[in-house]
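*Asks:* Take a look at the letters that make up each chain.
4 protein chains.
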Amino acid sequence: MRIKFFTTGGTIDKIYFDAKSEFEVGPPQVLEVINEANITFEYEIESILRKDSLDMTDADRELIRQRVQAEPCPRVVITHGTDTMVKTARALGGIAGKSIVLTGSMQPARFRTTDAVFNIGAAIGAVQTVASGVYIVMNGRVFDPSRTRKNPE
Amino acid sequence: MRIKFFTTGGTIDKIYFDAKSEFEVGPPQVLEVINEANITFEYEIESILRKDSLDMTDADRELIRQRVQAEPCPRVVITHGTDTMVKTARALGGIAGKSIVLTGSMQPARFRTTDAVFNIGAAIGAVQTVASGVYIVMNGRVFDPSRTRKNPE
Amino acid sequence: MRIKFFTTGGTIDKIYFDAKSEFEVGPPQVLEVINEANITFEYEIESILRKDSLDMTDADRELIRQRVQAEPCPRVVITHGTDTMVKTARALGGIAGKSIVLTGSMQPARFRTTDAVFNIGAAIGAVQTVASGVYIVMNGRVFDPSRTRKNPE
Amino acid sequence: MRIKFFTTGGTIDKIYFDAKSEFEVGPPQVLEVINEANITFEYEIESILRKDSLDMTDADRELIRQRVQAEPCPRVVITHGTDTMVKTARALGGIAGKSIVLTGSMQPARFRTTDAVFNIGAAIGAVQTVASGVYIVMNGRVFDPSRTRKNPE
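Chains as they are written, first to last, in the working numbering: chain A, 46 to 198; chain B, 46 to 198; chain C, 46 to 198; chain D, 46 to 198.
The set of hints was computed from the structure by calculation and includes no laboratory data. Being a predicted model, the structure only gives us computed values, none of them experimental. Careful: at least some of the hints might be erroneous.
Pairs involving identical chains hold if they fit within one copy or between any two copies, as the list cannot separate such chains.
[As the list claims (entries may be wrong)] Each computed SDA-like pair below joins lysine to any residue, with the alpha-carbon atoms no more than 25 Å apart:
| # | residue 1 | residue 2 |
| --- | --- | --- |
| 1 | K143 | L76 |
| 2 | K96 | D128 |
| 3 | K96 | M46 |
| 4 | K132 | F86 |
| 5 | K132 | T85 |
| 6 | K96 | A176 |
| 7 | K143 | R157 |
| 8 | K143 | G178 |
| 9 | K96 | E67 |
| 10 | K143 | A176 |
| 11 | K96 | F86 |
| 12 | K132 | M46 |
| 13 | K96 | N83 |
| 14 | K132 | N83 |
| 15 | K132 | F62 |
Please put together the full structure from these sequences, using the hints given.
*Replies:* What follows is the structure, encoded as structure tokens:
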């Protein structure tokens, strides 16, 4: 079993640069999460963007769509900022023959208390069992993005 | 969406009693994991046993089977020790109309480095997307227990 | 034995607000650190400022000095941003009859990997054993601020 | 500034072996703690024993005493089980010209919630500021072992 991960930035990948006293989108955290989880499937991780999802443009979404469409692996997990995850999920509609799951986190993966590890686990559990299509996995739920909005609370 | 969790003990629930300088099976850790994950589904957690899975008897497995069978919720996640998880999964075969996922961890949930959070996430992602039947979720994979053995490495 | 903690902000207290996708100085983290450490001394925590230390003004330093001077407890620990910790320490020079220790962290206390817990521990270990005066505790060392500069590397 | 660490086992170094479903005293955790704390002093770590402190014999304490006495570094931190830490501290009485601090933890260093990092920090803060002699650092306090007993609560 093989999973392809695409990373695009978002809260999940935020790190802290002390030299600048600022948080920025850092390297993809999904690698650390799956390393610690002692996973036994094959995988590949590819970074497409490093953006807050509020800063994503239509061109960014088109780029993500092209990469996903060109990807031969039938199981795709995309880590993404939560603010516009639904919008990106909808932009991926109609790609045939692939199970595509978007996930992210409300607290950065590097935080001691974070939903990132749980969410990536849930996305991996879902991507190998759902039918083809696009899904969002957040808060322990597998959503259909055509019926989802972000609830800021 | 609603999930019923049954807990039976195992490594995932091991805690440390300093007064006795010993590790023992403690209260179910799944509650802390889902609290931190900010989950939005409904759930119930029920502790059936607090045992190392090597100590589980046929009577214990019969008890687990009865509880699962009597449970009205169609989505069941069971946390369990890894050593005999496959045996218990097989003892649950043939229960109709339910998606049943067993999971656990190699390192206790209370450890700083643990696979417990990831595994519970993966189990929750899988239990709401798989067809009826019994499954094991470990190491990021959704297994059919009729073809699984524990690999001690 | 009693310790008075003053908090002023800095990296150690940075938290993440998902609603705004921004890091900000949050509530003092020293309380969580000493709670988890199972400490048995008496203490009081007082928040004076919530600032990045680069934003601290001379008026802020005068305020800190007044509070420390007015404090009856002879053992004072101040959590502070690292960038201007030396400057604030020097501004506290000449307060008689008190052991004053400034500490902070390079990574926020809420991060999974952080120097905050260790540094607060070291500050507490030092403040009850040093002679009266002002000290900086960072990187496991007890410094005399009159001979210290921040090394950004 | 240089510190010599001796490790003897105890709760602080307990790890979990899944293959045996047992906790055992593992390799010294002090190295991981100081690595993460980004310390800038020089140090050496030497493992003398790997024992629960309840299992320590008079011969073990004699061995620890010999090693500490032979050690040229004037700052010594010893990690030790909490149950008989006071007894070992007393067995180190009368060694001249050295600041000796014993510490340990109630929860293993590998736990997510542990007092180990804080205690090692406190021990390091104390060892470079106390007068020569033997001290215990636990619960955020620097104790004189001649007047200390373990309180199991």
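*Asks:* If you check each hint against the structure, which ones fail?
*Replies:* Per hint list: 3, 6, 7 and 11 violated.
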